[in-house]
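Student: If you want the building blocks of each chain, they are given just below.
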Amino acid sequence: MIKRRILSVLLENEPGALSRIMGLFSQRGYNVDSLCVATTADPSLSRLTITTQCDDKVIEQITKQINKLVDVFKVSDLTDGDHVERELMLVKVATPTEQVRAEIKRSVDIFRGQIVDVSPRNYTIQVTGPSDKLDALLRTLSESADVTEASRTGVCGLARGEKSLKI
Amino acid sequence: MEMMSGAEMVVRALKDVGVKYVFGYPGGAVLDIYDALFRQDEVKHILVRHEQGASHMADGYARSTGDTGTVLVTSGPGATNTLTGIATAYMDSIPMVILSGQVPSMHIGEDAFQETDMVGCSRPIVKHSFLVKKAEDIPVAIAKAYYIANSGRPGPVVIDLPKDIVNIQESHPYEFPENIDIRSYNPTAKGHNKQIKKAAEALKAAKRPVFYVGGGAIAADSSADIIALAEQFNAPVTNTLMGLGAFPGTHPQFVGMLGMHGTLEANKTMHNADCILALGARFDDRVTNNVAKFCPHANIIHVDVDPASISKTVNAHIPIVGSVEKVIEQLKPHVKDITPETQKEKLADWWQQIEQWRSRKCLSYKTSDEVIKPQQVIESLYKHTNGEAFVSSDVGQHQMFAALYYPFDKPRQWINSGGLGTMGFGLPAAMGVQFAHPDAISAVVTGDGSIQMNIQELSTCLQYNLPIKIISLNNRALGMVRQWQDMIYKGRHSHSYMESMPDFVKLAEAYGHVGIKVDHPSELDDAMARCMAMKDKLVFMDIAVDQNEHVYPMQIKFGAMDEMRLSKTERT
Numbered sequence: 001m002i003k004r005r006i007l008s009v010l011l012e013n014e015p016g017a018l019s020r021i022m023g024l025f026s027q028r029g030y031n032v033d034s035l036c037v038a039t040t041a042d043p044s045l046s047r048l049t050i051t052t053q054c055d056d057k058v059i060e061q062i063t064k065q066i067n068k069l070v071d072v073f074k075v076s077d078l079t080d081g082d083h084v085e086r087e088l089m090l091v092k093v094a095t096p097t098e099q100v101r102a103e104i105k106r107s108v109d110i111f112r113g114q115i116v117d118v119s120p121r122n123y124t125i126q127v128t129g130p131s132d133k134l135d136a137l138l139r140t141l142s143e144s145a146d147v148t149e150a151s152r153t154g155v156c157g158l159a160r161g162e163k164s165l166k167i
Numbered sequence: 001m002e003m004m005s006g007a008e009m010v011v012r013a014l015k016d017v018g019v020k021y022v023f024g025y026p027g028g029a030v031l032d033i034y035d036a037l038f039r040q041d042e043v044k045h046i047l048v049r050h051e052q053g054a055s056h057m058a059d060g061y062a063r064s065t066g067d068t069g070t071v072l073v074t075s076g077p078g079a080t081n082t083l084t085g086i087a088t089a090y091m092d093s094i095p096m097v098i099l100s101g102q103v104p105s106m107h108i109g110e111d112a113f114q115e116t117d118m119v120g121c122s123r124p125i126v127k128h129s130f131l132v133k134k135a136e137d138i139p140v141a142i143a144k145a146y147y148i149a150n151s152g153r154p155g156p157v158v159i160d161l162p163k164d165i166v167n168i169q170e171s172h173p174y175e176f177p178e179n180i181d182i183r184s185y186n187p188t189a190k191g192h193n194k195q196i197k198k199a200a201e202a203l204k205a206a207k208r209p210v211f212y213v214g215g216g217a218i219a220a221d222s223s224a225d226i227i228a229l230a231e232q233f234n235a236p237v238t239n240t241l242m243g244l245g246a247f248p249g250t251h252p253q254f255v256g257m258l259g260m261h262g263t264l265e266a267n268k269t270m271h272n273a274d275c276i277l278a279l280g281a282r283f284d285d286r287v288t289n290n291v292a293k294f295c296p297h298a299n300i301i302h303v304d305v306d307p308a309s310i311s312k313t314v315n316a317h318i319p320i321v322g323s324v325e326k327v328i329e330q331l332k333p334h335v336k337d338i339t340p341e342t343q344k345e346k347l348a349d350w351w352q353q354i355e356q357w358r359s360r361k362c363l364s365y366k367t368s369d370e371v372i373k374p375q376q377v378i379e380s381l382y383k384h385t386n387g388e389a390f391v392s393s394d395v396g397q398h399q400m401f402a403a404l405y406y407p408f409d410k411p412r413q414w415i416n417s418g419g420l421g422t423m424g425f426g427l428p429a430a431m432g433v434q435f436a437h438p439d440a441i442s443a444v445v446t447g448d449g450s451i452q453m454n455i456q457e458l459s460t461c462l463q464y465n466l467p468i469k470i471i472s473l474n475n476r477a478l479g480m481v482r483q484w485q486d487m488i489y490k491g492r493h494s495h496s497y498m499e500s501m502p503d504f505v506k507l508a509e510a511y512g513h514v515g516i517k518v519d520h521p522s523e524l525d526d527a528m529a530r531c532m533a534m535k536d537k538l539v540f541m542d543i544a545v546d547q548n549e550h551v552y553p554m555q556i557k558f559g560a561m562d563e564m565r566l567s568k569t570e571r572t
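As they're listed, the protein sequences go chains A and B.
Start counting the first sequence at 1; every next residue gets the next number (the numbering used here).
Start counting the second sequence at 1; every next residue gets the next number (the numbering used here).
Incorrect hints may have been included.
Away from chain B, derived, C-beta distances all over 10 Å, residues of chain A [to be verified]:
no. : residue
1   : R20
2   : N122
3   : G161
Lysine-lysine pairs mimicking DSS-like chemistry, simulated, CA-CA at most 25 Å apart [unchecked claim]:
no. : chain 1 : residue 1 : chain 2 : residue 2
4   : B       : K190      : A       : K166
5   : B       : K190      : B       : K336
6   : B       : K194      : A       : K57
7   : A       : K74       : B       : K293
8   : B       : K517      : A       : K74
9   : A       : K105      : A       : K92
10  : B       : K312      : B       : K197
11  : B       : K336      : A       : K64
12  : A       : K64       : A       : K166
13  : A       : K68       : B       : K194
14  : A       : K57       : B       : K293
15  : B       : K194      : A       : K64
16  : B       : K190      : A       : K64
17  : B       : K336      : A       : K74
18  : B       : K373      : B       : K194
19  : A       : K68       : B       : K326
20  : B       : K312      : A       : K57
21  : A       : K68       : B       : K312
22  : B       : K198      : A       : K64
23  : A       : K68       : B       : K190
24  : A       : K3        : B       : K312
25  : B       : K326      : A       : K64
26  : B       : K517      : A       : K64
27  : A       : K57       : B       : K410
Hints in this document: simulated from the structure, not taken from any laboratory.
Idealized CB from N, CA, C, for every residue including glycine.
Same shape as in the complex, but just chain B (with noise of 0.2 Å):
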């Protein structure tokens, strides 16, 4: 058997569950496994400019491939630097895997220099959790969380590790698991069968049947099925934020996204189904709104991999645990029968009442000659970018306009924080998508104030070249917020204006990069055309947008899913 120290197990077991990126940053506690990491050159390392960072980035990582990102950061302070990425990784079921290192263990509990509770900061935030107290096991406890992240309904794992375990001046045999077996971890991924033909059963008798497709879809890479089973039944789908490109945004039967700050058809087609069908979705309060006037007419079959995800808020009446993915292969053998022609036939009057609520065209707004609307900025990022870009985003107003006015196409090509709602989130999870996809366009969606948030990152976009295209739009204030102050707040806009913003465009080139300052809607399209000719270069463009934009369709607060402004004046 092979020897080695607890450093190089940790760096080695890695290797064999096939991490190739570590995102990290070093300190006293993990050393040691950094002079592993140095000593080869199979997983590679990002050093990150702030832990919260090495978070995001791990995230956009795994959002963008699927598979399980990896942090690594010291005790203490670089621990709990990561807090908030390992909860809008835990609120978005994203696989994570953190190794923090530890105090030695016969210091644990002193109080001891850059010693924290590691295992109870996280454990609300995280799916799992390991105090690795012996070298020897090291490698399983790796083996472990690597299994646990990425299985059942995925999620964030840390591993604590003493300094003293891996200490490079002690060597211990190496063994890595051949299988992983947690006793008391069985996750279900088939479907109940009686289930299944219940809903199969609702589904064919429903004459206004919806999709509500989330993010659980995408998980379960299911969008192919998904697509073919809509097209099959003929049915009107609407995406959660985070189920975005899990049905194409283009496709015809695509109503939009729903929710909060939903199209008008999807809220509508929603509220007047008679059967929804839910896959991977979790009936969140920013999608029922009053969950007591919540779809009065639906019979609701809940598709989920986690059990108590099913009847959490709103009622399933044909629940079914398992993922998106096995259930529809089950579901086929029993709506064969259904054929998209007499479908048609069938949703003839439910298609033309949706096609009316389109009709109202509830994202349209009025272009200016004077100042760029915000809308107008995504649309034209779509375009030079044949909405084929992966974009990540920040959190607020643009993370809606970009939810709305991107049309998704392909699961995992929109990043966002759904669950959570980070600021900061949007830079360094592109970062982590353009090392996962070096020759994609990776994209940030982002505003004066979030950006502020991660602008550190930066620096390491620098160092490892990262041609990342930040989309910033520049309304000198807290857009969201401001938003609300205006509905809610009779226009007493507490703090939701910043009184000295930086010279983003000076500042991304002391950073090393270019910056691109947008004024004018006629300048609009050209400098986004630059922006993307630049291939090789990470481009800042800082773009003045409207102030006094609000994103609707917005859903009125305590009322059913389709009471919703449509406008600044108009409402349902």
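Next up, chain A with everything else stripped away, as it sits in the complex (with noise of 0.2 Å):
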């Protein structure tokens, strides 16, 4: 059965490692929906957090080869434990009128996002969550206002709690 996966691993954080990540889903014909990397607290590991849709027989495989790579210390499968999951998103929406303002305005707060740049035909909203609640906020502001652009991060998770990833 194809579901949604979220991939964390825990690799070196050196040239060339993430690159080794993604041509490996590439090559074997993986899909990546998102995306999010960075530094951990120890500075010499990086983490990524990837979701993908695929079924049991191609995660196995994706977690196996990503395993597999030199640079890599672990990968953990964090769909099917109790996990917390987060993306940011920050939207740029068009606001021509008071009304549409104030409409988004209270969308934002019932979303608790915060509006963090103000111009006089523009907001900046941010919002973090699950990636469903943003993109339910996403069709709401669209409903009442142009949505000029968006740039969301991607997933990033950890497994609720004493499990965790490290070397």
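Each chain sits in its own coordinate frame; assemble them with the hints.
Tutor: Listed below in structure tokens is the structure:
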């Protein structure tokens, strides 16, 4: 059964390490829906969160193939266990009238977002949450205003409780 | 601490990891390294005629010894010319290190002369790669590269060396690392004990077992263990194309190679088995045929050092991650109570069935008084080398004939591009073999198509006096392509025929070697004897063989393992 998966990867923070992982996805024909990567508390390590859609057999292969890369310490599939996942989105919307401004402000409050930049004709909004919440806000905004642009970080996630990915 | 230039560090580190031969070709970005090579005589450099040749030589050297092969090339075209060789080694898990020159660091990304992103180009076909940024990092990068290349599941590793860091004008302290520790890389060698116990139970319970042995068994040097285990269990054994020699070809328990062009008895044995012990084999599409119909009755035990190979195509019932050698060692105490005598009794029906399949003699073929049959050439080669030659092969019909008609008794004796199927592999690979084994017979089985893909290396053979024996099955066509066109495309031979073949005898002579033309079946044995008698000469045997001969048996597409064509008119 094809379902959405969130993979968390701990790898050496070295040039080329990321391209090896991404290369593996394209070379073996796996999809990437989103990708989020940054260094960890230990600056010699990077942590990568990838979301993809695939079945059990494919996720097993992806996990094994990533694990095989020399730069990779650990791979974990967050989807199966309890986990927290968040994504951050910045959206710019056009605000030509007072009525639109008020409407946008209400929506942003409901979604617990923040307006982080204001100009005479635009609001820039920041919101975090699971991806479907961001999708819902985007839909709501575009019903009452013109969405000029949006930038999303892609999902990042951690397992709940004691479980952790470390060396 | 010793001070030296980056170029000297490269050569010194190669010596310190135990490299004896470097196969390479000089050029702008590596001139400093070549200067360092010139000023020492411990690491021997072999000058090839094309960088692809260098990569296959290093590969043949590695396959025939188990040691890591080494390639040194310049940036840009020098580097990209090795890519086919790297991919060949990658597909067959061969340990190899490729040192490529790179434009100076400050010019990387500027599209400088002979610049190519070698780390990027090679990324999908290497086990790992390094772009070295500082001269001080050279020894560690080289030590790590050789460790990675030849541990776990072996494979090629690229080291890209920008010209400025190997500058002979600058000196740096040289320190070779005593221990290599790569914190993110810990290949598993030992199998999980619980799984090993399960495997032992399954093997003991089996009434129709088979051992399916692949290249991983050769990489793990586990032939002796496999023979002992197979004899203890009295089990039939089949080798993959990559595993030929891992279990002896003349052993009574050997049922032949399996797969697309496997023997009837090997494929039948697999299909009807109730327990398959896969040792370092990867269930690839040229073995399984239709995965949905693959061995429906079998309990599959899959031993592989690479977890990603397990359950990739065929689901294993008992997966064991570990090297073949270690896993067999772990298995031994659990199967102590098994004796060949009781097994003989237990498997009597199974063997009776296998003998019946064998009695079909699927490799028999009709000889002719007029024209030489390709199978006959391989049998003659076997006879005149006492079955002891290193046989390197190119790719095509001749490769399958060699695999089927030359029973290999020792591992590392059969050298072929199994996974990638690289035409042009044979001659340079045989050269690598000859460097590693100067006193052995290093033969190439090739065809008129394949040999022309790296024929320039005949010149290298003269320079280093390599007495290679080239057995070219000349059918004036690309035989395997032609066979498929006969079978699938109603005999429309689209571009599988070459209008103007060179005179191979004259060509060999032009390169300073001996050429022998053989046209008639009656001349074959004498010619082969003459060829082998010329111990110090490279001999090119241009043997005209039957153009219409097909390789059989052959699996029927989308069928089960044992659904096969046995000749142009018969099928299972």
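Student: If a hint holds in the structure, say so; if it doesn't, say that too.
Tutor: Here is how each hint holds up against the structure:
Distance check on R20(A): its Cβ comes as close as 6 Å (rounded) to a Cβ of chain B, failing to clear the 10 Å threshold; non-interface status is violated. The claim that N122(A) is not at the interface with chain B holds, since no C-beta of that chain comes within 10 Å of its own (minimum 36 Å). G161(A), annotated as away from the interface, keeps every beta carbon of chain B farther than 10 Å; the closest lies near 25 Å. For a cut-off of 25 Å, the pair hint linking K190(B) to K166(A) stands: about 23 Å separates their Cα positions.
The suggested pairing of K190(B) with K336(B) holds, with an alpha-carbon distance near 19 Å, which does not exceed 25 Å. Our distance criterion of 25 Å between C-alpha atoms is met by K194(B) and K57(A), whose separation comes to about 23 Å. The suggested pairing of K74(A) with K293(B) is violated, with an alpha-carbon distance near 35 Å, which exceeds 25 Å. A threshold of 25 Å between alpha carbons decides the hint, and for K517(B) with K74(A) the separation of about 59 Å lies outside it, so the pair is violated.
With a C-alpha separation of about 13 Å, the suggested pair K105(A) and K92(A) falls inside the 25 Å cut-off, and the hint holds. Between K312(B) and K197(B) the CA atoms are separated by roughly 23 Å; this keeps the pair inside 25 Å, and the hint holds. Taking the CA atoms of K336(B) and K64(A), the gap is about 34 Å. The hint is violated against a cut of 25 Å. Of the supplied pair hints, the one linking K64(A) and K166(A) holds, its CA atoms being roughly 18 Å apart against a limit of 25 Å.
The straight-line distance between the Cα atoms of K68(A) and K194(B) is roughly 23 Å, inside the 25 Å bound, and the hint therefore holds. Taking the CA atoms of K57(A) and K293(B), the gap is near 18 Å; set against the 25 Å cutoff, the hint holds. At roughly 21 Å between alpha-carbon atoms, K194(B) and K64(A) fall within 25 Å of each other, so this suggested pair holds. The suggested pairing of K190(B) with K64(A) holds, with an alpha-carbon distance near 18 Å, which does not exceed 25 Å.
With a C-alpha separation of about 38 Å, the suggested pair K336(B) and K74(A) falls outside the 25 Å cut-off, and the hint is violated. The hinted pair formed by K373(B) and K194(B) fails the criterion: a straight-line CA distance of about 52 Å is larger than 25 Å. A hinted pair counts as satisfied when its Cα atoms are at most 25 Å apart, and K68(A) with K326(B) qualifies at roughly 20 Å. The suggested pairing of K312(B) with K57(A) holds, with an alpha-carbon distance near 8 Å, which does not exceed 25 Å.
Between the alpha carbons of K68(A) and K312(B) the distance comes to roughly 14 Å, so the proposed pair stays at or under 25 Å and holds. Of the supplied pair hints, the one linking K198(B) and K64(A) holds, its CA atoms being roughly 23 Å apart against a limit of 25 Å. A hinted pair counts as satisfied when its Cα atoms are at most 25 Å apart, and K68(A) with K190(B) qualifies at roughly 16 Å. With a C-alpha separation of about 19 Å, the suggested pairing of K3(A) with K312(B) holds against the 25 Å cut-off.
With a CA separation close to 21 Å, the supplied pair K326(B) and K64(A) stays within the 25 Å bound. At most 25 Å may separate the alpha-carbon atoms for a hinted pair to count; K517(B) and K64(A) exceed this at roughly 52 Å. Distance restraint check for K57(A) and K410(B): the Cα-Cα separation of roughly 37 Å exceeds the 25 Å cut-off, and the hinted pair is therefore not satisfied.
Checked against the numbered hints given earlier, the structure breaks hints 1, 7, 8, 11, 17, 18, 26, 27 and satisfies all the rest.
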